[in-house]
Amino acid sequence: MSGTTFSPTDLAHAVVSEAPAPFVPRKRTLQMGTAAFTAIWVMYFGGLFGAYVSSRNTWKLQQDGLAAAGDSVTSWIPDSAQVELTAPTIMTWTLLMSCITMQWAVYSFKRSDRRHGVLALATQAMFGAAVINQVVFQWKQLGLVIDDVGGSSAATLIYTITASHVAMIIVAMCLLAFAAFRALASSDTKDHVDVVASAATFWYTMVGLYFIIWILIFITK
Amino acid sequence: MFTPGFKLFGGLAALGLFGAFIYGLSSGDATGPDYFGFVDRNAIIGLVSLGWKGNIGAASGFMVLIFMSMSAALLGGTAVAFRDADVESVAELGDTPSVMPFAQRPTAPSWWPATTAVGLGVLLIGLVMETKAYWIIGLVLLSAVAIEWALTSWADRSTGDETTNLALRDRVGAAFEIPVLGLALGGVLALSVSRMFLWATGNAAVIVAGVVSVLILAVAVLAVFRPQVGRRTLGAIVGIVAVAVIGLGVVSAVIEPRLGHHDEDHGVESTVEGE
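Those sequence lines, one after another, are chains H and G.
The opening position of the first sequence corresponds to residue 1 in the working numbering, with each subsequent residue numbered one higher.
The opening position of the second sequence corresponds to residue 1 in the working numbering, with each subsequent residue numbered one higher.
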């Protein structure tokens, strides 16, 4: 081997060990950034919920006026739509269960338990996929028509709110995938607790927002 | 005890909550049964139950203020829990409390954020226009970005030397990038040539096939017999040939997508329907 020269970046000869140690990243900035990112989603849903409740109240006032005048009235959610509680309730319980597995992932990362950490994240992703599956089932079951001739904007708002929540689940699952990648690529999962804890913050908020959707749209109708 | 971040966002949360209650009271129906002769009972019930029962006035403003309060509370809670991510408190977490960690490690320039924006745009356009090809391209772009960006991010953290990190990233990435890109380029070239064959008729198709084959052979012969030709020059020649073939494929597909027996078949069907 003597006399052989290698490029400093010739990784076939494992000179990575000669490179300087990596910079130690500053902890906690990710949590702060994720909190800001999550707050954006909370405000977005706040606007959607406000528009939904406001439209629903206006619609009910109009219908009360029509009823007082002796005219026929129509409901906020068209009678042709089939709003059932089974799917949303199962989704709520599924998401509540996912909070436990999310905490399992954080716990495993903290204790450098890569196997359980990745297993917890995979279970978490399965819960997310199950909820998306249920939402699609519910969309088909609802049978809501966006350009309904009755004049109610319920269908548009319900689709907007539920589809936005599906988008939030997809983003949460991308964060989980990112945490899983870090776990698989790292020598010690303990170094990446901030990543999985940030993903957990976003996930818990997503669950909380679905709880509001469940009550606002499907319970109170 | 309370960090500046908590004070800012905690104050904003309190302001939002207070504002929501004032807004709910002032925008509600003032003609209902009162407490103390001036406060509407239904409004109080509505505000306390966050609209579950009673009256919250103009709902949109009330909800937006409540959610503003919740968002600010989330930020304030995080700020106080993590001490505003303050550098000194973070340093205390490390093995050497006197060493202040960098806020941002040096990273190589990356195209992935811009590519994400393009992928997201194409996906949304595809969904809105209900064009399957667009949203599939968008999904493929976003999936590729997810893998590549994660790989780049991992490599950037590997060592303290940017050049070594880049080489490490290329070494791991090339294992799947070159086969996948090669397959994709081969597929696009085959598709382009097939469009040209469909456009050409009879002998013209043979001539097109001959020209394309000769072009490929010429580049290969050049690569073998003129090894002094630089990699960049050879890459440029291959690139020009590939772009020319793809361009001609696109042009021929646009000019005359289908010729010959397809139209004849349609003509027969039309005749039968006409009868």
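These are computed hints drawn from the structure, not numbers from a lab.
It is possible that part of the hints are untrue.
Said to hold, decoys possible - EDC-like cross-link-like pairs, simulated, lysine to aspartate or glutamate; straight-line CA separation at most 16 Å:
(1) H:Lys221 / H:Asp79
(2) H:Lys27 / G:Asp86
(3) H:Lys27 / G:Asp84
Small disclaimer: the values here were computed from a predicted structure and weren't measured.
Cross-check of the supplied hints:
Among the hinted pairs, H:Lys221 with H:Asp79 is consistent with the structure: their alpha-carbon atoms are about 12 Å apart, no more than 16 Å. Restraint check for H:Lys27 and G:Asp86: satisfied, since their Cα atoms lie roughly 10 Å apart, inside the 16 Å limit. For the suggested pair H:Lys27 and G:Asp84, the alpha carbons sit about 11 Å apart, so the restraint of at most 16 Å is met.
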